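Now for the letters of each chain:
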Amino acid sequence: MTGEEETPMGGLGWHVPDGELRRYADRALAPPLLWSTEAHLSACASCRGRLTGAAGPALADDGWELLAAELDAPVPGPIERLLTRVGVPEHTARLLAATPVLRLSWLAAVAITLTLTALMAHLAHPAVFLAAAPLLPLAGVALSFGPRVDPTYEISVVAPMHTFRLLLLRCAAVLSTTTGLSLAASLALPELGLAAVGWFLPALVLTTLSLALTPRFGPVLAAVAVGAGWVALVASTWSAGDAGPVVFVPAGQLALALTGGLAALMVVRLRRTFETPRRIR
Amino acid sequence: MTIAATMPAVRASELTLRYGRTLALDGVAFTLRDGVTGLLGPNGAGKTTLLRIVATALAPDSGQLTVLGADPRTGSGRLAVRRRLGYLPQDPGFHPGFTAFEFVDYVAILKELTDRRARHQEVRRVLASVGLERQAGKRIRALSGGMKQRVALAAALVGDPDLLVLDEPTVGLDPEQRMRFREVIAELGERRTVLLSTHQTEEVMALCQRVIVLDRGTVRFEGQPGELADLAAGRVWTSGAREPRALASWRTGSGLYRHVGDPPPGADLVTPTVEDGYLLFVDPSATHGGEDA
Numbered sequence: 001m002t003g004e005e006e007t008p009m010g011g012l013g014w015h016v017p018d019g020e021l022r023r024y025a026d027r028a029l030a031p032p033l034l035w036s037t038e039a040h041l042s043a044c045a046s047c048r049g050r051l052t053g054a055a056g057p058a059l060a061d062d063g064w065e066l067l068a069a070e071l072d073a074p075v076p077g078p079i080e081r082l083l084t085r086v087g088v089p090e091h092t093a094r095l096l097a098a099t100p101v102l103r104l105s106w107l108a109a110v111a112i113t114l115t116l117t118a119l120m121a122h123l124a125h126p127a128v129f130l131a132a133a134p135l136l137p138l139a140g141v142a143l144s145f146g147p148r149v150d151p152t153y154e155i156s157v158v159a160p161m162h163t164f165r166l167l168l169l170r171c172a173a174v175l176s177t178t179t180g181l182s183l184a185a186s187l188a189l190p191e192l193g194l195a196a197v198g199w200f201l202p203a204l205v206l207t208t209l210s211l212a213l214t215p216r217f218g219p220v221l222a223a224v225a226v227g228a229g230w231v232a233l234v235a236s237t238w239s240a241g242d243a244g245p246v247v248f249v250p251a252g253q254l255a256l257a258l259t260g261g262l263a264a265l266m267v268v269r270l271r272r273t274f275e276t277p278r279r280i281r
Numbered sequence: 001m002t003i004a005a006t007m008p009a010v011r012a013s014e015l016t017l018r019y020g021r022t023l024a025l026d027g028v029a030f031t032l033r034d035g036v037t038g039l040l041g042p043n044g045a046g047k048t049t050l051l052r053i054v055a056t057a058l059a060p061d062s063g064q065l066t067v068l069g070a071d072p073r074t075g076s077g078r079l080a081v082r083r084r085l086g087y088l089p090q091d092p093g094f095h096p097g098f099t100a101f102e103f104v105d106y107v108a109i110l111k112e113l114t115d116r117r118a119r120h121q122e123v124r125r126v127l128a129s130v131g132l133e134r135q136a137g138k139r140i141r142a143l144s145g146g147m148k149q150r151v152a153l154a155a156a157l158v159g160d161p162d163l164l165v166l167d168e169p170t171v172g173l174d175p176e177q178r179m180r181f182r183e184v185i186a187e188l189g190e191r192r193t194v195l196l197s198t199h200q201t202e203e204v205m206a207l208c209q210r211v212i213v214l215d216r217g218t219v220r221f222e223g224q225p226g227e228l229a230d231l232a233a234g235r236v237w238t239s240g241a242r243e244p245r246a247l248a249s250w251r252t253g254s255g256l257y258r259h260v261g262d263p264p265p266g267a268d269l270v271t272p273t274v275e276d277g278y279l280l281f282v283d284p285s286a287t288h289g290g291e292d293a
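So the sequences go chain by chain: B and Y.
Under UniProt numbering, the first residue of the first sequence is numbered 1, with each subsequent residue one higher.
Under UniProt numbering, the first residue of the second sequence is numbered 1, with each subsequent residue one higher.
Check the hints yourself; a few may be wrong.
Label-pair distances were calculated between CB atoms; the ranges are [claimed, not checked]:
1) B:A39 with Y:M179: 47 to 57 Å
2) B:P32 with Y:R11: 31 to 41 Å
3) B:L168 with Y:R141: 39 to 49 Å
4) B:T237 with Y:R141: 42 to 52 Å
5) B:R103 with Y:G145: 19 to 29 Å
Some chain B residues flagged as far from chain Y (calculated, every beta-carbon gap over 12 Å) [stated by the list, open to error]:
6) G13
7) L33
8) A228
9) T276
Stretch by stretch, here's where chain Y covers chain B in the computed footprint (C-beta under 8 Å, at least three residues) [what the hints assert, rightly or not]:
10) 87-99
11) 146-154
12) 199-208
In case anyone wonders, no lab produced these hints; they're calculated from the structure.
The structure presented is a predicted model; accordingly, all values stated were derived computationally and were not measured.
Glycine residues also receive a C-beta, built at the ideal position from the N, C-alpha and C atoms.
Modelling step: build the complete structure from the supplied sequences, incorporating the hints.
Take a look at the structure:
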């Protein structure tokens with residue numbers, strides 16, 4: 001049955017061809033034909049009757065199942081919706097949404113800390129902001145993985161999905177969110193120009209270094225050690241130049257980049273230790 | 001096919017693991033086949049450590065282990081095991097604010113079920129298999145302890161695993177919940193290998209086709225529950241007073257005292273239970289002779 005025919009309302013109308021109706025019943029119809037077919041079916045009793053004949057009771061059962069699935073299905077939270085909107089696959093967004101530090105309360109705490117640090121940088125020295133901002137992703141990563149902070153850690157470790165992959169996913173999420181917030185906070189220091197993003201490389205390096213130390217010391221102790229080392233480094237080199245600590249001048253940044261590269265190599269080398277951890281506590 | 005005729009799901013020999021100076025497992029050897037096997041032992045015996053090793057959450061310091069035909073020491077072997085494994089840890093944690101459905105859905109993603117529709121079907125299936133279909137949308141923090149345990153068991157069942165490792169699954173449950181749990185586990189054991197740890201000998205008697213007694217990191221007995229009980233034959237008796245020389249002596253509901261140990265001449269011997277046999281192993285002074293290590 002195709003083309004224009006008389007509708008039950010008495011006028012001429014289009015009806016869904018048999019082939020398309022069968023493909024619709026088999027859920028093989030793709031947009032935009034799917035949309036126009038659905039729109040027509042909702043208004044045309046005749047085609048709905050033909051669909052019943054074409055599909056049989058199995059389609060109705062499937063429909064109920066789909067309805068049940070949709071009713072039971074978790075309602076994505078704001079972070080999950082944002083992630084899927086920017087192209088993250090639904091299942092990955094679900095995993096990331098369960099990251100302990102990707103909650104609004106954590107993000108709010110990061111935003112407040114950055115604001116206060118930027119204020120202090122105005123009052124004291126811009127390097128205060130550059131030195132403090134890298135500590136936030138470091139803390140975030142430490143609090144997103146491990147038996148002390150992740151209630152499903154034990155189940156995650158024995159799941160087929162690689163623990164290391166889950167860890168990297170969470171690190172990426174933490175780094176992305178804190179980087180975004182730190183970038184926004186950097187706008188409050190326009191006098192620094194591009195130097196206002198001097199925190200970015202240290203953030204990457206400190207996070208990578210703490211990951212490299214995690215199999216040996218656990219995520220929290222590793223982050224505390226790396227954070228303390230960073231603070232000590234900044235404080236000890238503070239008087240070395242007018243621009244602040246030498247870690248924010250090109251030579252210092254180069255040294256940091258080399259350290260980060262070595263730490264990244266260590267992380268890759270140690271990736272299997274995350275799968276059957278002995279010391280991650 | 002009988003249980004004995006099937007290929008072992010787990011074969012372990014000389015498993016050793018240390019936590020610092022503490023020897024948690026000392027040359028542990030055992031074999032697991034289809035059906036439910038109970039791992040019995042006192043606190044600190046090494047039960048959780050052994051279960052974590054079988055579940056690939058922990059690697060032993062030394063020894064051989066084959067799980068579902070794969071070697072968990074290698075990356076590919078570990079992955080092969082994990083794809084066919086269900087694990088219920090001793091203290092399963094839940095993300096705050098998750099519903100039962102959301103938690104099991106999360107675990108299903110970790111178990112590589114990425115297609116949303118197929119995954120949600122599986123989540124509904126496992127929740128129904130533990131009788132929680134009506135609680136799927138409830139926040140886990142609002143569920144009772146027994147229901148939380150069932151949610152964790154449902155998560156372990158995602159993907160219909162061939163091997164289930166359950167660490168004290170009925171601890172803290174009331175008798176009714178425990179009974180419900182036993183029914184579920186017994187049914188699961190009809191088609192797969194289940195290894196569960198417990199302190200309760202009555203649970204072993206009610207559920208397990210085989211039992212392993214672990215004490216201070218060593219396997220003291222491996223066999224059928226009836227065989228464990230038989231080991232105490234001739235060493236259990238009752239009398240009207242406490243027997244200080246017995247390994248264990250307690251007043252029963254009938255008013256008589258039940259004793260396990262070396263009976264005096266003419267003692268009124270009674271039929272031993274699994275618990276009597278177990279007591280012979282966990283008491284240090286009772287482990288002389290007759291052990292099947």
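Each hint, compared with the structure:
For A39 of chain B and M179 of chain Y, the Cβ-Cβ distance of about 54 Å falls inside the hinted range of 47 to 57 Å, so the restraint holds. Restraint check, P32 of chain B to R11 of chain Y: a C-beta distance of roughly 58 Å breaks the suggested window 31 to 41 Å. Hint check: L168 of chain B to R141 of chain Y, Cβ distance near 29 Å, so the stated range 39 to 49 Å is violated. Between T237 of chain B and R141 of chain Y the Cβ separation comes to about 48 Å, which falls inside the hinted range of 42 to 52 Å.
Our hint of 19 to 29 Å for R103 of chain B and G145 of chain Y holds, since their Cβ atoms are close to 26 Å apart. The beta carbon of G13 of chain B is kept farther than 12 Å from every beta carbon of chain Y, the shortest such distance being approximately 33 Å. The beta carbon of L33 of chain B is kept farther than 12 Å from every beta carbon of chain Y, the shortest such distance being approximately 21 Å. A228 of chain B, annotated as away from the interface, keeps every beta carbon of chain Y farther than 12 Å; the closest lies near 25 Å.
Distance check for T276 of chain B against chain Y: the nearest CB is about 4 Å away, which does not clear 12 Å, and the non-interface claim fails. Coverage of the region 87-99 of chain B by chain Y holds in this model, with 6 residues showing a Cβ closer than 8 Å to a Cβ of that chain against a need of three. Chain Y is given as covering the region 146-154 of chain B, and this holds because 5 residues of the stretch bring a CB closer than 8 Å to a CB of that chain, at least three being needed. Against chain Y, the region 199-208 of chain B contributes 0 residues with a C-beta closer than 8 Å to a partner C-beta. That does not satisfy the three-residue criterion, and the hint is violated.
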